[in-house]
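K.L.:
Listed below are the residues making up each chain.
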Amino acid sequence: MSPRRTDPKAKPQTSARRLPDWLIAIGIGVVVVVGVVVLFTLQTPQPAPYSPSGVTSAGKTKGDPNAKLELVVFSDFK
Amino acid sequence: MLFAADAERRIDEAYVKTGKVKVTYKHFLVVDPNGESLWAANATECANEQGRFWDYHNKIVAESPGGRNSLTRANLKKYAADIQLDTARFDACLDANKYNAAVQADGNEAQRLGLTGTPTFILNGRRLNVSSLDYAEFARTFDLLLK
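Respectively, the protein sequence lines represent chains L and E.
Following the numbering used here, the numbering of the first sequence begins with 1 at its first residue and continues without gaps.
Following the numbering used here, the numbering of the second sequence begins with 79 at its first residue and continues without gaps.
Mixed in with the good hints there might be a few duds.
[Stated by the list, open to error] Derived DSS-like pairs (lysine-lysine); straight-line CA-CA distance at most 27 Å:
1. K68/L <-> K176/E
2. K68/L <-> K95/E
3. K104/E <-> K176/E
4. K98/E <-> K68/L
5. K176/E <-> K225/E
6. K98/E <-> K60/L
7. K176/E <-> K155/E
8. K68/L <-> K155/E
9. K176/E <-> K156/E
10. K104/E <-> K155/E
11. K60/L <-> K176/E
12. K155/E <-> K60/L
13. K225/E <-> K68/L
14. K95/E <-> K225/E
15. K156/E <-> K68/L
16. K60/L <-> K104/E
17. K225/E <-> K98/E
[As the list claims (entries may be wrong)] Computed Cβ-Cβ distance ranges for the label pairs, DEER-style:
18. G97/E <-> G27/L: 30 to 40 Å
19. V36/L <-> G144/E: 24 to 34 Å
20. I24/L <-> A170/E: 48 to 58 Å
Note that these hints are calculated values from the structure, not bench results.
Quick reminder that beta carbons are idealized off the backbone N, C-alpha and C, glycines included.
All chains should be built: construct the whole structure from the sequences, respecting the hints.
P.N.:
Structural data, given as structure tokens:
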């Protein structure tokens, strides 16, 4: 058997192959889009409005606008 | 504001939430009309600007029942922050005394009606004379008119 000849200038072969640039670009794009979507969906939710009374209101009147009775309160916070 | 701290809350539960009675607040400054009364009235109007008049009203009542505690501008701003109002907008509104004229207009109406003290109640356009601020007295009157 003749000895195996090798080209000393040849690059060593490896099993890994470099991915095409266009595929890498698409991959980066997908990661960025997913990241942005996750960022917006995981934002801290706004606190619910503070409404201790649970009574509906419009301006300085609370209750059903069609209520039979209207009580006007003239008052002073002090 | 003792009315607000007790009877009003019960009226809310029994009559306002059930659609039988609506309640409207108007300013009538008699205790400190150029100081804390005016600041507090302005503050509620500034909260109203953000659609939160009653929330802010309830906050003041909770923090200063019967007007016992100091209603300084600093305290009023803190209450606004506590109930998560837009504080920059609220503070600017309060510092500008933006609603002095609106508060005065309510007071003018009270004077036209011949009112002399607070709280005073007008029920369906007629003065409601109550001997106390007990919830039971309001309930009796409401029940009579709702029959």
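K.L.:
Does each hint hold? Answer for all of them.
P.N.:
Checked hints:
For the hint pairing K68/L with K176/E, the CA-to-CA distance comes to about 33 Å; that exceeds 27 Å, so the pair is violated. Distance hint between K68/L and K95/E is fulfilled; the C-alpha atoms sit about 13 Å from each other, no more than 27 Å. Restraint check for K104/E and K176/E: the C-alpha separation of about 16 Å stays at or below 27 Å, so the hint holds. The hinted pair formed by K98/E and K68/L meets the criterion: a straight-line CA distance of about 6 Å does not exceed 27 Å.
Among the hinted pairs, K176/E with K225/E is inconsistent with the structure: their alpha-carbon atoms are about 43 Å apart, more than 27 Å. Between K98/E and K60/L the alpha-carbon distance is near 17 Å, which keeps this suggested pair within the 27 Å criterion. Between K176/E and K155/E the CA atoms are separated by roughly 15 Å; this keeps the pair inside 27 Å, and the hint holds. A distance of roughly 36 Å separates the Cα atoms of K68/L and K155/E; the hinted pair therefore is violated under the 27 Å criterion.
For the hint linking K176/E to K156/E, the alpha-carbon distance of about 18 Å falls within 27 Å, and the restraint holds. Taking the CA atoms of K104/E and K155/E, the gap is about 21 Å. The hint holds against a cut of 27 Å. Between K60/L and K176/E the CA atoms are separated by roughly 17 Å; this keeps the pair inside 27 Å, and the hint holds. Distance check on the hinted pair: K155/E and K60/L sit about 20 Å apart at the alpha-carbon level, within 27 Å; holds.
Between K225/E and K68/L, the direct Cα distance comes to roughly 11 Å. Compliance with the 27 Å bound is thereby established for this hinted pair. Straight-line distance between C-alpha atoms of K95/E and K225/E comes to about 18 Å, which keeps the hinted pair within the 27 Å bound. At roughly 37 Å between alpha-carbon atoms, K156/E and K68/L are farther apart than 27 Å, so this suggested pair is violated. With a C-alpha separation of about 8 Å, the suggested pair K60/L and K104/E falls inside the 27 Å cut-off, and the hint holds.
Note on K225/E and K98/E: the hinted pairing holds, with a Cα-Cα distance of about 11 Å set against a maximum of 27 Å. A hinted range of 30 to 40 Å for the beta carbons of G97/E and G27/L is inconsistent with their spacing of about 60 Å. Checked against the given bound of 24 to 34 Å, the beta carbons of V36/L and G144/E, roughly 53 Å apart, lie outside it. Checked against the hint of 48 to 58 Å, the pair I24/L and A170/E passes, with Cβ atoms roughly 52 Å apart.
Violated hints for the displayed structure, listed by number in ascending order: 1, 5, 8, 15, 18 and 19.
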